[in-house]
Amino acid sequence: MKALFAFGHSARIAVASLGAYRLRSGLTALGVTIGVTTVIAILSIIEGLDNAFEDVVSTMGTGTVYVSNRPLIILGDWWKYKNRPPLVPSDAEYLDERLVLAQTVVPFVNTRVKVETGKSSMDEIRVIGTTTEWPLMSGVHPKTGRFLAHSEVASARPVVAVGNEVAMAMAREGLGLGDTIDIGGFPMRVVGTLPGRGKIFGRTQDDFVVVPLPLFERLYGLKRSVQIGVVTAPDQLDALIAELTGAMRARRKLSPTQEDNFALNQQDMLVDMYKKLTGSLYATAVGLGLITLIVAGVGIMNIMLVAVAERTREIGIRKALGARPSAILTQFVVESALVSGIGGIAGTVLGALLAQLIASVSPLPASVPMSAVAIGIGFGAFVGLVFGFLPAYRASRLLPVDALSQGS
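To get my numbering, take the position in the sequence shown, counting from 1, and add 1099.
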C-alpha cells in the first residue's frame, strides 16, 4: 500500500509537470505520433491487402484444382510457357470420363465485350463461356431465375445469366428475366441473375455474364486456351492432383522424361506465392515504421535529458525534503511514458484515418486490426519507458547538494 501511494504521488507530480511544460510535452509527443501513425497506416493497409487476397483465393474453393496451359503467376522465363499447347473443351470431356476422384469437371473461357441493355451500354464486360456445372465450381448460384440448362448448353442456345452489375443496368431500363440484351453484338435472352460479390482491390467482381460454352466458341472462336476446374472433397485434394497429373500427361502423350506442358493451380499455391512476393515488402515497410519510432524515442531521451537539466533545483528540493531516488525515478519515467502514450493514442487515430483515406483514393484496401490499435498505444508507451529511463535514472542519482547548487 505504501509503495502504491508513493507511485500515485510521483504520477501526480509527473502529470502536473506535463501541464507546466505544454510546448515541450507536445513536441515530445509529436515524434511518437508520427512514428505510430506510420506503423498503424502500414499495418492497416497490410491487413486490408491480406483480407482482399483471402477473398480472391476463397473464390477458388479449397477443393478445386484449375488446369491451364500456364501457371497463374509466372516467375522467371515467360517464353518457357508461351508456346505450350492450349487446352480445349474436349480435354475436359476426357478428364470427366477418367478421373475417379473428381466430383465435377468444368471447362470455362472468357473474353471482354461491349454489353448493351436497352439505351445504356457497358464496355469491357467479361463474357464467360462454360457449362451447366459452373455454379458448383464457382460457388455463385442464381439470385433470381436459373442458370444455364443442359439442353441450352448442348444446343448453343443464345441464353445468358448476368452478373449483378449488368442486372442493375437492366433494372434501370425496366428489363428483367426473359428480356433480350445485346452481348458483344449478339442478342441473348436473360434466364437468371447472379448475386453481387463486391469489389477486390478497387475492382468490381460483378461485371460479367455467363453463356453456353458452344455458343461462346461459335461467336468468339477459341483462339484462347480454356481452363478446366476440377472439384473434389478437400481431404482428397492431394490424391486428385496425382490422378489429374497422370491423366493430363496421358492425354498429351508425354514420355517419362518430358516435363509437364500444363499447369495445375490451386488455392494453397497462390497463398504460398503471395507470401513469398509480399513477405519482404511487408518487413521493409514495418521496419521503416519502427525506425521512425526509434528516432522518436531518441528525441524523447534528448528532451527528457534537457528537462532533467532544467529541473535540477526542483529535484534537489524534493530530495532535501526526503524524496527517495525511486520516487524521482518513477516521476520521470511516468512523465516520459505518459507523453509517449498520448503520442501513441494520437498516432493510432491518425494512422487509422490515413489508412482509410488511402483506401478511398486508391485501389489499396485498408482494415484496422485490433492488434494494431494495441500495438500503437502499447508501443508508444513502451518507447517512452525505454528511452525515458536513462534521463530518469540520472535524475534519481543526483545528490541534493549538487542538484541545489546546479539549479541556483
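To be clear, the hints were calculated from the coordinates, so they are not data collected in a lab.
All of these numbers come straight from a predicted model, not from anything done at the bench.
Using N, Cα and C, we set each Cβ at its ideal position, and we do this for glycine too.
Among these hints, one or two may not hold up.
Computed list of lysine-lysine pairs in DSS-like fashion (alpha-carbon distance at most 25 angstroms, straight line) [stated by the list, open to error]: (1) Lys1298 to Lys1242; (2) Lys1181 to Lys1322; (3) Lys1242 to Lys1213; (4) Lys1181 to Lys1298; (5) Lys1213 to Lys1298; (6) Lys1298 to Lys1322; (7) Lys1179 to Lys1352.
Simulated restraints on C-beta separations [stated by the list, open to error]: (8) Gln1335 to Arg1271: 41 to 49 angstroms; (9) Lys1213 to Pro1468: 24 to 32 angstroms; (10) Lys1213 to Tyr1381: 35 to 43 angstroms; (11) Trp1178 to Thr1210: 18 to 26 angstroms; (12) Gln1357 to Leu1452: 52 to 60 angstroms.
Status of the hints after comparison with the structure:
Among the hinted pairs, Lys1298 with Lys1242 is consistent with the structure: their alpha-carbon atoms are about 18 angstroms apart, no more than 25 angstroms. Simply put, Lys1181 and Lys1322 have alpha-carbon atoms about 14 angstroms apart, close enough for the 25 angstroms limit, and the pair holds. Between the alpha carbons of Lys1242 and Lys1213 the distance comes to roughly 23 angstroms, so the proposed pair stays at or under 25 angstroms and holds. For the given pair, Lys1181 sits about 31 angstroms from Lys1298 by alpha-carbon distance, which is inconsistent with the 25 angstroms threshold.
For the hint pairing Lys1213 with Lys1298, the CA-to-CA distance comes to about 20 angstroms; that is within 25 angstroms, so the pair holds. Between Lys1298 and Lys1322 the alpha-carbon distance is near 29 angstroms, which puts this suggested pair outside the 25 angstroms criterion. With a C-alpha separation of about 19 angstroms, the suggested pair Lys1179 and Lys1352 falls inside the 25 angstroms cut-off, and the hint holds. The hinted range of 41 to 49 angstroms is satisfied by Gln1335 and Arg1271, whose Cβ atoms lie roughly 45 angstroms apart.
Distance hint for Lys1213 and Pro1468: a CB-CB separation of about 41 angstroms, inconsistent with the stated range 24 to 32 angstroms. The hint said 35 to 43 angstroms for the Cβ distance between Lys1213 and Tyr1381, and at roughly 40 angstroms that hint holds. A C-beta distance of roughly 24 angstroms is found between Trp1178 and Thr1210, which places it inside the suggested range of 18 to 26 angstroms. Taking 52 to 60 angstroms as the suggested C-beta distance range, the pair Gln1357 and Leu1452 conforms, at roughly 57 angstroms.
The structure shown violates the earlier hints numbered 4, 6, 9.
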